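Trainee: Let the hints inform the model, and build the full structure from the sequences given.
For the record, the sequence lines run as chains F and R.
Note that the numbering used here has the first sequence beginning at 1, numbered continuously upward.
Note that the numbering used here has the second sequence beginning at 1, numbered continuously upward.
Source of the hints: derived by calculation from the structure; they are not laboratory data.
Quick caveat, the model's predicted, so the values are computed rather than measured.
Among these hints, one or two may not hold up.
Label pairs and their calculated CB-CB ranges [claimed, not checked]:
id : chain 1 : residue 1 : chain 2 : residue 2 : range
1  : F       : P192      : R       : L203      : 25 to 35 Å
2  : F       : M43       : R       : K127      : 31 to 41 Å
3  : R       : D204      : F       : M43       : 39 to 49 Å
4  : F       : P80       : R       : Q233      : 49 to 59 Å
5  : F       : A208      : R       : Q233      : 29 to 39 Å
6  : F       : S31       : R       : P195      : 50 to 60 Å
7  : R       : A52       : F       : R57       : 31 to 41 Å
8  : F       : L67       : R       : H164      : 22 to 32 Å
9  : F       : P51       : R       : A52       : 19 to 29 Å
We put the CB at the ideal spot given by N, CA and C, even for glycine.
Residues per chain, in single letters:
Protein chains: 2
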Amino acid sequence: MPTALLVHAHSERDSFVTAMRDRIAETLSASGHELIHSDLYEMGFNPVLSPADFGERGNPDHLVYALEQRHNFNAGTLAPDLVAEIEKVKQADLIVLTFPLFWFGTPAIMKGWFDRVFISGEFYGGKTIYERGGMAGKKASAAFSLGGREDMVGARGIHGPLVHGMLRHLFQGTLGYVGMEVIEPFVAHNIPYQPLEVRRKCLDDLGAYFADLDSKPRIPIPDLANFGPRFEQL
Amino acid sequence: MPTALLVHAHSERDSFVTAMRDRIAETLSASGHELIHSDLYEMGFNPVLSPADFGERGNPDHLVYALEQRHNFNAGTLAPDLVAEIEKVKQADLIVLTFPLFWFGTPAIMKGWFDRVFISGEFYGGKTIYERGGMAGKKASAAFSLGGREDMVGARGIHGPLVHGMLRHLFQGTLGYVGMEVIEPFVAHNIPYQPLEVRRKCLDDLGAYFADLDSKPRIPIPDLANFGPRFEQL
Numbered sequence: 001m002p003t004a005l006l007v008h009a010h011s012e013r014d015s016f017v018t019a020m021r022d023r024i025a026e027t028l029s030a031s032g033h034e035l036i037h038s039d040l041y042e043m044g045f046n047p048v049l050s051p052a053d054f055g056e057r058g059n060p061d062h063l064v065y066a067l068e069q070r071h072n073f074n075a076g077t078l079a080p081d082l083v084a085e086i087e088k089v090k091q092a093d094l095i096v097l098t099f100p101l102f103w104f105g106t107p108a109i110m111k112g113w114f115d116r117v118f119i120s121g122e123f124y125g126g127k128t129i130y131e132r133g134g135m136a137g138k139k140a141s142a143a144f145s146l147g148g149r150e151d152m153v154g155a156r157g158i159h160g161p162l163v164h165g166m167l168r169h170l171f172q173g174t175l176g177y178v179g180m181e182v183i184e185p186f187v188a189h190n191i192p193y194q195p196l197e198v199r200r201k202c203l204d205d206l207g208a209y210f211a212d213l214d215s216k217p218r219i220p221i222p223d224l225a226n227f228g229p230r231f232e233q234l
Numbered sequence: 001m002p003t004a005l006l007v008h009a010h011s012e013r014d015s016f017v018t019a020m021r022d023r024i025a026e027t028l029s030a031s032g033h034e035l036i037h038s039d040l041y042e043m044g045f046n047p048v049l050s051p052a053d054f055g056e057r058g059n060p061d062h063l064v065y066a067l068e069q070r071h072n073f074n075a076g077t078l079a080p081d082l083v084a085e086i087e088k089v090k091q092a093d094l095i096v097l098t099f100p101l102f103w104f105g106t107p108a109i110m111k112g113w114f115d116r117v118f119i120s121g122e123f124y125g126g127k128t129i130y131e132r133g134g135m136a137g138k139k140a141s142a143a144f145s146l147g148g149r150e151d152m153v154g155a156r157g158i159h160g161p162l163v164h165g166m167l168r169h170l171f172q173g174t175l176g177y178v179g180m181e182v183i184e185p186f187v188a189h190n191i192p193y194q195p196l197e198v199r200r201k202c203l204d205d206l207g208a209y210f211a212d213l214d215s216k217p218r219i220p221i222p223d224l225a226n227f228g229p230r231f232e233q234l
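Mentor: Have a look at this one:
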């Protein structure tokens with residue numbers, strides 16, 4: 001039975017984004033997934049990386065976050081909230097993010113989930129990125145809402161391409177970077193300004209999308225075969 | 001006398017990023033700027049947007065963040081820490097961000113500074129974005145460090161273009177979006193793995209860069225003359 005981790009960032013129980021998370025949960029459950037949840041607002045997740053994450057220090061004199069992440073994970077001294085989240089990610093076959101898009105990125109509470117949980121060593125290393133990343137073999141996708149209209153993004157839109165442009169930092173640069181196979185996300189445009197029937201239809205479309213997620217396109221990531229041992233282009 | 005707001009995100013007093021902030025402060029001070037600071041770790045800035053930001057509610061039944069930002073700012077009921085930050089931005093002629101690059105973005109503590117401080121209404125609106133954004137007339141730039149080598153980004157790099165690619169969400173999609181004229185940032189590559197003399201040289205280069213910041217290239221933003229009243233391409 002495949003396991004799906006739903007990572008959710010919205011403070012309101014009655015929000016559209018929370019309804020999206022719930023519809024995805026129902027859909028994945030119906031298609032035979034076991035579900036685990038990281039509801040970041042509900043958990044009161046702390047997104048601010050700091051020395052308090054480290055129970056001991058590999059180098060007490062000077063802090064390099066990435067090196068202390070490795071040292072503390074291996075020593076078993078990483079903050080317990082992070083160990084728990086890392087275990088959830090490792091247990092999952094599929095990770096799904098649900099969030100409102102703020103400033104062409106995830107809300108800070110989710111950005112900090114990546115900052116603190118996607119630790120150096122387990123998730124990536126100097127040579128272990130993209131298809132060689134620590135989370136290779138897992139899939140990831142997302143569903144997010146944004147205020148802007150659909151015609152404001154894409155090749156002719158004022159902001160340019162969304163998922164493959166403005167949001168490349170997230171889909172290629174974060175989820176793809178750690179080795180996950182990233183499935184094109186579901187995007188809910190202009191939601192605060194839509195009547196109830198349009199929002200209902202959007203949730204139905206979302207359900208249909210996640211019922212058949214595996215058939216959806218993948219986000220392209222760099223092919224390591226085109227690069228040498230120092231990632232120089234061949 | 002122009003005013004510069006330095007927004008800084010690093011927990012460590014002895015970090016390279018803090019040394020970058022200090023060098024920028026010295027340089028801008030020497031070139032006649034008055035300085036104001038938002039040292040986010042030192043302030044214990046809370047990056048998590050929530051209903052607690054709003055002293056009252058325009059709509060008590062359903063929360064739409066952007067609408068409550070407008071309502072509460074106008075009613076004088078926005079959280080005091082946000083009012084203070086908004087006033088600093090308004091007072092500044094130049095905003096400079098200093099941070100370590102995490103996951104091709106700012107650390108969560110700075111991402112949440114945008115989420116909470118760059119409020120709807122004052123900073124942007126449905127039709128007031130890019131050159132018509134609320135912060136038009138101000139300049140912005142940044143200096144950031146990252147672990148990766150310089151040859152890993154750019155047209156031939158494995159990650160593709162950095163400032164104009166992976167980081168478009170920040171320079172175009174956030175700073176440019178609210179109307180600021182965005183000056184190409186200073187990028188410090190591969191810093192944790194460099195000897196002291198290379199790091200010293202990098203700080204000298206940074207000083208020279210900010211001593212002559214105005215001569216540096218601008219980040220291109222969409223030209224609104226090419227788009228109609230609904231931002232349709234003309």
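Trainee: Work down the list of hints and note, for each, if the structure agrees.
Mentor: Verification of the supplied hints:
no.	hint	result
1	F:P192 / R:L203: 25 to 35 Å	violated, 45 Å
2	F:M43 / R:K127: 31 to 41 Å	holds, 38 Å
3	R:D204 / F:M43: 39 to 49 Å	holds, 45 Å
4	F:P80 / R:Q233: 49 to 59 Å	holds, 51 Å
5	F:A208 / R:Q233: 29 to 39 Å	holds, 30 Å
6	F:S31 / R:P195: 50 to 60 Å	holds, 54 Å
7	R:A52 / F:R57: 31 to 41 Å	holds, 34 Å
8	F:L67 / R:H164: 22 to 32 Å	holds, 30 Å
9	F:P51 / R:A52: 19 to 29 Å	holds, 26 Å
In summary, the one numbered hint that this structure violates is 1.
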